[in-house]
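Chain A is fixed; fit chain B onto it per the hints.
Protein chains: 2
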Amino acid sequence: MAVYTEVSDDALRAFLAEYDLGVLLAYRGIAEGVENSNYSLRTSAGDFILTLYEKRVDPADLPWFLGLMEHLARRGITCPLPVQGHDGFSLRMLCDRHAAITTFLPGVWPRRVQAWHCAPLGAALAALHLAGAGYAPTRANALGPAGWAPLLARSLADGGAGADALLAGLGEELRAALDRILAHWPAALPAGHIHADLFPDNVFFLDRKVSGLIDFYFAATDILAYDVAVCLNAWCFEPDMSFNVTRGRALLHAYSATRSLSAAELAALPVLCQGAAIRFALTRLYDWINTPPGALVTRKDPLEYVRRLRFHLTARGPDAYGL
Amino acid sequence: MAVYTEVSDDALRAFLAEYDLGVLLAYRGIAEGVENSNYSLRTSAGDFILTLYEKRVDPADLPWFLGLMEHLARRGITCPLPVQGHDGFSLRMLCDRHAAITTFLPGVWPRRVQAWHCAPLGAALAALHLAGAGYAPTRANALGPAGWAPLLARSLADGGAGADALLAGLGEELRAALDRILAHWPAALPAGHIHADLFPDNVFFLDRKVSGLIDFYFAATDILAYDVAVCLNAWCFEPDMSFNVTRGRALLHAYSATRSLSAAELAALPVLCQGAAIRFALTRLYDWINTPPGALVTRKDPLEYVRRLRFHLTARGPDAYGL
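Sequence order for the protein chains is A and B. First residue of the first sequence: 1, per the working numbering; consecutive thereafter. First residue of the second sequence: 1001, per the working numbering; consecutive thereafter.
Bound conformation, chain A alone:
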């Protein structure tokens, strides 16, 4: 459910008057997404997406996100292009929320990932990393390694009862894994702007090609290969949580063909994948414990990422991922 803020037609028309987008023809709330309110918007100028930023997004970060999207779109990455109003700004207020209009991207995200998705995905991710290079502002990754220990501490603030209710011993397991991950975290790998959340619902396909990358609201400046690790987690596991090396190989080969991975990056894949797995395990665990039962948001199962984490803890090198 992704409409938290109901926008009246009057408010929307007043908002649209700030743009050169013609007259409003239709708008509908979009059910996908969990962080912000999204509407599909049709005006006489075409199709757009209207996003109202809800409380999880820090308004201070919005100019960075929108600036990155504009930078990437101008460099040929098929991501939403923020639309500027008469005043030259793409960010303004609507219904007491920060809001922006971006271009609509055609395409369909894969509900069931297949091996053939992973090569175009890998190539698109590498192209994203290369295109981001010229964007000068940086954003620290709040959900990167420095954020994991505080996040775990907040989830275990009840003495670990909530975590243990989900799975006996879970608090201890995560604490031990996190210690190990942080002790081995690579100090000096190539960094740049990463998407950091490139899950299947953020990648559109048309004709077996990537037609769009969306939802840059976790993007940050961090280790590039960590973004690869996020994708290996999100795209390459079977429903039974076994790792599909065919997908992993396709993703890594296609990525490397556009931006080659160094020996140090390849060697770090296991710990980077461990880090990516624990990052999603931790945020899901925190949400699991702190989402009231009556909430409209569907809680995601933290254990799916605990099981991925266990796999990565057994990986000895890049061969575990199909190389």
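What the hints contain is simulated information worked out from the structure, not anything from laboratory work. Take these hints with a grain of salt, some might be off.
What the hints assert, rightly or not - Residues from chain B that face chain A, not an exhaustive set, calculated with beta carbons under 10 Å:
id	residue
1	Leu1025
2	Ala1026
3	Tyr1027
4	Glu1035
5	Ser1037
6	Gln1114
Note that the Cβ used here is the ideal one computed from N, Cα and C, for glycine as well.
Structure of chain B alone, referenced to chain A:
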């Protein structure tokens, strides 16, 4: 929240192969609506709505609903036109649900009703009633007067505790009102096919004209003026539950200009409005009592319609509605 059934892209492509709609370009879940799962669908042939019928809709009724929509659309009513597959049928199965594709209608439904909406609404309702005349099959109104006593009984099956928890004495108030309404229910007013749920979110506007009527899944064969009464309830009350006679007058005048209301229909307006108010009070009350706290559906307040009911019980004739 209106996506109960998640449709995979593979399943959707296989489904679309039954139609002459070209290739799939995009689809998104629509957040509006509470009864069925709705997707906005873009193919190389244009824009459409895909609806999966969830458990509240009796599959046996679907051919009647789709047949009515097709009948109305062919007679110039701007309602969704069911799209037929290669086999000539517009109803088939998808993800274990009955499903249909209909045409997309541009327009915006009014989040905040204003007086100027009510004349085009009244005219559109009358046109709908006239256009429905040639559709021979009938459908009994399960949520018409014959259904209200059983519905109240089910809501009071706990001895009235659930109703009284919402408002002390509510069960008794509804029982007394229902007795009075059924005792005065008009026996012989003009009947035909009614929408029966023409709330603002089912009416699209463009350029101050009605551009679309949607959601015919409560439609039935019943007293035509009862449909007017549903609209007087849904469109003509202020947020403080006072009746806005300017809106009522506009609605009734515009309706009458297209299909004149007889003296008997006008005289029956108070009891028809009482019936319409108790119908929505009763279904909301039933849902209120029977919706588990963790459900994804937002419960609607039954008391909004209890307060409307109280107003209608004081009405002595059509002048209470602005005539």
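*Measuring from the C-beta of B/Ser1037 to each C-beta in chain A, is the shortest one below 10 Å?*
Where the cut-off is 10 Å and the nearest Cβ of chain A is about 9 Å from B/Ser1037, the hint holds.
_Restraint satisfaction for B/Ala1026 [CB to CB of chain A, less than 10 Å]_ = holds (5 Å)
*Does B/Leu1025 pass the interface hint, meaning its C-beta sits closer than 10 Å to a C-beta of chain A?*
Result: holds, 5 Å to nearest chain A Cβ.
*Hey, does the B/Tyr1027 contact hint survive, CB to chain A under 10 Å?*
Hint on B/Tyr1027: holds, closest Cβ of chain A at ~6 Å, below 10 Å.
*Hinted contact B/Gln1114 with chain A - closest CB pair below 10 Å*: holds (9 Å)
*Given hint B/Glu1035 near chain A, where the shortest CB pair must fall under 10 Å*: violated (14 Å)
Checked against the numbered hints given earlier, this structure breaks only hint 4.
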